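The whole structure should be built from the sequences, with the hints applied where relevant.
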Amino acid sequence: MTEFELKLQSAAKLAANGRVSRRDFVQLALAAGLTATAANAMFVQAVRAEPKRGGTLKIGISDGAAVDTMDPGLYVNPFTTTALGGTLSNSLTEVDSKGNVVPDLAESFEPSDGAKKWVFKLRKGATFHNGRTVAADDVVASVRHHTVEGTKSVAKSLLATIKNVVADGAETVVFELDGGNADFPYIISDIAVMPAKEGVADWESGIRTGPYLLEKFEPGVIATFNKNPNYFKSDKGWFDRVECLAINDVTARTNALNTGEVHYMDRCDLKTLDILNQNPDLVISETTGYGHYVYVMNVQKAPFDNADVRNALKYSLNRDEIVQKVFLGHGAIGNDNPIAPTVKFAIAPQPKHVYDPDMVKSLLKKAGAE
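With UniProt numbering applied, the sequence shown covers 1 to 370.
Calculated directly from the structure, the hints in this document are not laboratory data.
Because the structure is a prediction, the values reported are computed rather than measured.
Treat the hints with care, since some could be wrong.
[Stated by the list, open to error] In silico lysine-lysine, BS3-like type, Cα no more than 27 Å apart, as pairs:
1) Lys-301 / Lys-124
2) Lys-361 / Lys-344
3) Lys-227 / Lys-58
4) Lys-314 / Lys-361
5) Lys-301 / Lys-314
6) Lys-156 / Lys-197
7) Lys-361 / Lys-301
8) Lys-344 / Lys-156
[Stated by the list, open to error] Label-pair distances were calculated between CB atoms; the ranges are:
9) Lys-156 / Val-299: 36 to 44 Å
10) Val-294 / Ala-369: 38 to 46 Å
11) Val-221 / Lys-197: 26 to 34 Å
12) Leu-270 / Arg-241: 30 to 38 Å
13) Ala-307 / Trp-238: 34 to 42 Å
14) Val-221 / Gly-54: 36 to 44 Å
15) Thr-172 / Arg-53: 47 to 55 Å
16) Thr-272 / Pro-351: 42 to 50 Å
17) Gly-220 / Asp-274: 25 to 33 Å
18) Ala-307 / Pro-351: 29 to 37 Å
19) His-292 / Lys-156: 18 to 26 Å
20) Pro-351 / Thr-69: 37 to 45 Å
21) Gly-125 / Pro-51: 19 to 27 Å
22) Pro-341 / Lys-197: 38 to 46 Å
C-beta: ideal position from N, C-alpha, C; glycine also.
Set out below in structure tokens:
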């Protein structure tokens, strides 16, 4: 092993312990003959190999608003879903990084009667932030918060198939649906469990079960949290403190990240990714998401009540050009399928309509819509 390789190995160990900055590590790696990309990748691998607990994480999040609320039925923007969702709360189930539904506050879940009935057994040892053990009545109240008559919850339609939900003792929750639904554990993964107070979910207190306890919430401004020392998942909640800042302007978020005011931001501006990449202290993580963009045609009215016109529009779109020029290469062609490849049971549709101006003219002529 050469002298440079020994120094690089030593630097990797120091990086893992937080004693070497990314900038210094990259400079040493470049001197050893590594490319900038390889040097950055090696630094990230070294740091991730030895995760450390403690410190404060500051996050710049988009779309915070003065009307934001602690009510999980009204979490409708990135700030509320990020700052007040997973930071504070747990659900009966969760969806893992591979798209599988796995237990969260539930220890197990089983269907019966053709998946019209679902029985969830609660995890032992899970407590709310006030120390009280999570019970079946809490789950029932949390679900009914979204289904009760007059609710304003955006999850009401999502849970519309629930005919009844009851507690069977302190550790069992039984759901009765209006029809069989094998995907019900996925659906319930979006519903935060709150403590019941006289049979009603107490959302205003901010008491939940998650890895962090609410310290302060100023709608449209900031939410701060402290580590939950009694969290039931030892592999979560690595920071001592989390601060979520509402920074709606993407330029302001980018500047805050570049200057170290925040450590993480959402919704990067694709046009500034190259600038961020030049900062050796930053890592840009890009993953395939669940979102998709659609162009809706009203088939009840002309001209899109004509199938030939609809097909003409499909052939008129240069989809490759849209990905490259609109999304700057950070996207993929959906091929007329709204199901993202990240969804567990997604298929890989083959292209049905490629850009073809001659086909467009032919179809429009056939439809009498030239």
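Evaluation of the provided hints:
no.: 1; hint: Lys-301 / Lys-124; result: 56 Å, violated
no.: 2; hint: Lys-361 / Lys-344; result: 39 Å, violated
no.: 3; hint: Lys-227 / Lys-58; result: 14 Å, holds
no.: 4; hint: Lys-314 / Lys-361; result: 12 Å, holds
no.: 5; hint: Lys-301 / Lys-314; result: 17 Å, holds
no.: 6; hint: Lys-156 / Lys-197; result: 21 Å, holds
no.: 7; hint: Lys-361 / Lys-301; result: 21 Å, holds
no.: 8; hint: Lys-344 / Lys-156; result: 24 Å, holds
no.: 9; hint: Lys-156 / Val-299: 36 to 44 Å; result: 28 Å, violated
no.: 10; hint: Val-294 / Ala-369: 38 to 46 Å; result: 22 Å, violated
no.: 11; hint: Val-221 / Lys-197: 26 to 34 Å; result: 27 Å, holds
no.: 12; hint: Leu-270 / Arg-241: 30 to 38 Å; result: 31 Å, holds
no.: 13; hint: Ala-307 / Trp-238: 34 to 42 Å; result: 54 Å, violated
no.: 14; hint: Val-221 / Gly-54: 36 to 44 Å; result: 26 Å, violated
no.: 15; hint: Thr-172 / Arg-53: 47 to 55 Å; result: 35 Å, violated
no.: 16; hint: Thr-272 / Pro-351: 42 to 50 Å; result: 31 Å, violated
no.: 17; hint: Gly-220 / Asp-274: 25 to 33 Å; result: 31 Å, holds
no.: 18; hint: Ala-307 / Pro-351: 29 to 37 Å; result: 19 Å, violated
no.: 19; hint: His-292 / Lys-156: 18 to 26 Å; result: 24 Å, holds
no.: 20; hint: Pro-351 / Thr-69: 37 to 45 Å; result: 44 Å, holds
no.: 21; hint: Gly-125 / Pro-51: 19 to 27 Å; result: 23 Å, holds
no.: 22; hint: Pro-341 / Lys-197: 38 to 46 Å; result: 43 Å, holds
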